[in-house]
Amino acid sequence: MMEKRNVSYTVNGEVIELLVEPNALLINVLRDELYLTGAKYCCGTGQCGGCTVLVNGEPILSCLTLAVAVDGAQILTIEGIAEPDGTLDPIQEAFLDNAAIQCGYCTPGMILMAKDLLNKNPSPSEDQIREHIKGNLCRCTGYHRIVKAIKSCRE
Amino acid sequence: MGNTRILTQEFEYLTPQTVSEALQLLSQYGQDAKIIAGGTDVVPQLKYEKISPTHLITVARISDLNYIQEDKILRIGAGTKLRDVKMYCGDKQRYQSLHDALCSIGKVQVMNMGTLGGNLCTASPAADSAPPLLVLEGRVKLISERGARTVSLGDFFQGSNMTAMQPNEMMLEIQIPKPKRNSGDAFIKIARVAADISKISCAVAVERNGDICTSCRIAMGAVAAVPIRIPAAERQLSGQRIDDELFEEAAKVLSADIKPLTDLRSTESYRRRVSEILFKDTFAKAWDRTGGEK
Numbered sequence: 000m001m002e003k004r005n006v007s008y009t010v011n012g013e014v015i016e017l018l019v020e021p022n023a024l025l026i027n028v029l030r031d032e033l034y035l036t037g038a039k040y041c042c043g044t045g046q047c048g049g050c051t052v053l054v055n056g057e058p059i060l061s062c063l064t065l066a067v068a069v070d071g072a073q074i075l076t077i078e079g080i081a082e083p084d085g086t087l088d089p090i091q092e093a094f095l096d097n098a099a100i101q102c103g104y105c106t107p108g109m110i111l112m113a114k115d116l117l118n119k120n121p122s123p124s125e126d127q128i129r130e131h132i133k134g135n136l137c138r139c140t141g142y143h144r145i146v147k148a149i150k151s152c153r154e
Numbered sequence: 000m001g002n003t004r005i006l007t008q009e010f011e012y013l014t015p016q017t018v019s020e021a022l023q024l025l026s027q028y029g030q031d032a033k034i035i036a037g038g039t040d041v042v043p044q045l046k047y048e049k050i051s052p053t054h055l056i057t058v059a060r061i062s063d064l065n066y067i068q069e070d071k072i073l074r075i076g077a078g079t080k081l082r083d084v085k086m087y088c089g090d091k092q093r094y095q096s097l098h099d100a101l102c103s104i105g106k107v108q109v110m111n112m113g114t115l116g117g118n119l120c121t122a123s124p125a126a127d128s129a130p131p132l133l134v135l136e137g138r139v140k141l142i143s144e145r146g147a148r149t150v151s152l153g154d155f156f157q158g159s160n161m162t163a164m165q166p167n168e169m170m171l172e173i174q175i176p177k178p179k180r181n182s183g184d185a186f187i188k189i190a191r192v193a194a195d196i197s198k199i200s201c202a203v204a205v206e207r208n209g210d211i212c213t214s215c216r217i218a219m220g221a222v223a224a225v226p227i228r229i230p231a232a233e234r235q236l237s238g239q240r241i242d243d244e245l246f247e248e249a250a251k252v253l254s255a256d257i258k259p260l261t262d263l264r265s266t267e268s269y270r271r272r273v274s275e276i277l278f279k280d281t282f283a284k285a286w287d288r289t290g291g292e293k
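Protein chains in written order, with numbering that gives the first Met the number 0: chain R, 0 to 154; chain X, 0 to 293.
One thing to keep in mind: the hints can contain errors.
As the list claims (entries may be wrong) - Residues of chain R placed beyond 12 Å of chain X at every Cβ, according to the derived structure:
1. Asp84
2. Asp88
3. His143
Unchecked claim - With a cut-off of at most 27 Å between alpha-carbon atoms, the simulated BS3-like pairs for lysine-lysine come out as follows:
4. X:Lys284 <-> X:Lys140
5. X:Lys284 <-> R:Lys133
6. X:Lys80 <-> R:Lys133
7. X:Lys33 <-> R:Lys3
8. R:Lys119 <-> X:Lys85
Rather than coming from a laboratory, the hints here were simulated on the basis of the structure. In this text, a Cβ means the ideal position worked out from N, Cα and C, and glycines have one as well.
Use the sequences and the hints to build the structure in full.
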């Protein structure tokens, strides 16, 4: 029998303490224990980027991350990027305005990648945008509108 | 068949804070333990049940494994993130083949998670960092409670997913000698889509004096059980004046010398045919980087 571990995270600004099994994946803890279902399980092997969340400000794949491994981390999921009063982040608005969403499965990962890119480089070129979302697959939009949405958020 | 949604295997998770604590755990659990760093290789291996350790030992909290130092040789701590290695090589404009390889991994998330030591310890025949480190004459320092040893990367790779590392050993650092002034190096891979595992990859490092290639090192990935140097083609070019005929000849020798497999990413005959052109492109890129004209 595996011994459960105490971990604490700051998830979307809120300090949370949990008991997790050593083999629990971060994505399942977020989705099944914290009910943050924005991060999506897709390929499960690190090909698609659908499970992307920001850990200590950097995008990682939550389906390849053990929940115990990020003990003490600051975690930002798609649920945490709008204002507390519900006002959407400008990137979320841009995705709506540009119809950069079809089925929506890749969208949380795409928006978090855009957030990460724009945090580090407020005026990226189209090439830099495409480079940054290279690890996030979208099977609906052909990427064009996603890139357009991110471009519209440049300073 | 594994389950990629959850981990079904049970294990203890150990979090050493120092190298000596990690070595003590390794000598205690040895064969049954597995070291995990970023998890981008180890977690899929667990999901597919390719490994079944009783203990996972994370090296992610060992700050002594995370450094880049350069004097006569470049020393990279085994736990250094791929992102940081890429940034270093990019800033310095040196070790450009390694920089090319790390850029080709592409995914920001994987670069933030994966480590250089991890990429080598997984010992995939297609590991992107391996061909550059082979042509840059990289070595790896391994350590156990009994002491440290340094092995060339060529000796480190023993087979697909097999290394010279003993169960009680871990990788401490990667060492790369400083390239000579008149040298250039490059890496190119062929993959299905932008951020994919390579079908075939090539790294070349050359030293030149005018039109003469004074020294040439060539390595390829995904053409054998381990990433390999191609000495037969290297001999064709080293010490020679580079002209088209010799260049063609070397490419033919190279494609005859490799032993690629057919697998889900590509076929033996495709890999063999494309190896010629891939080598030529990589050589030209490395040659151009020496600063002269081809």
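Hint check:
| no. | hint | result |
| --- | --- | --- |
| 1 | Asp84 | 30 Å, holds |
| 2 | Asp88 | 19 Å, holds |
| 3 | His143 | 16 Å, holds |
| 4 | X:Lys284 <-> X:Lys140 | 30 Å, violated |
| 5 | X:Lys284 <-> R:Lys133 | 24 Å, holds |
| 6 | X:Lys80 <-> R:Lys133 | 19 Å, holds |
| 7 | X:Lys33 <-> R:Lys3 | 19 Å, holds |
| 8 | R:Lys119 <-> X:Lys85 | 17 Å, holds |
Checked against the numbered hints above, the structure breaks only hint 4 and satisfies the rest.
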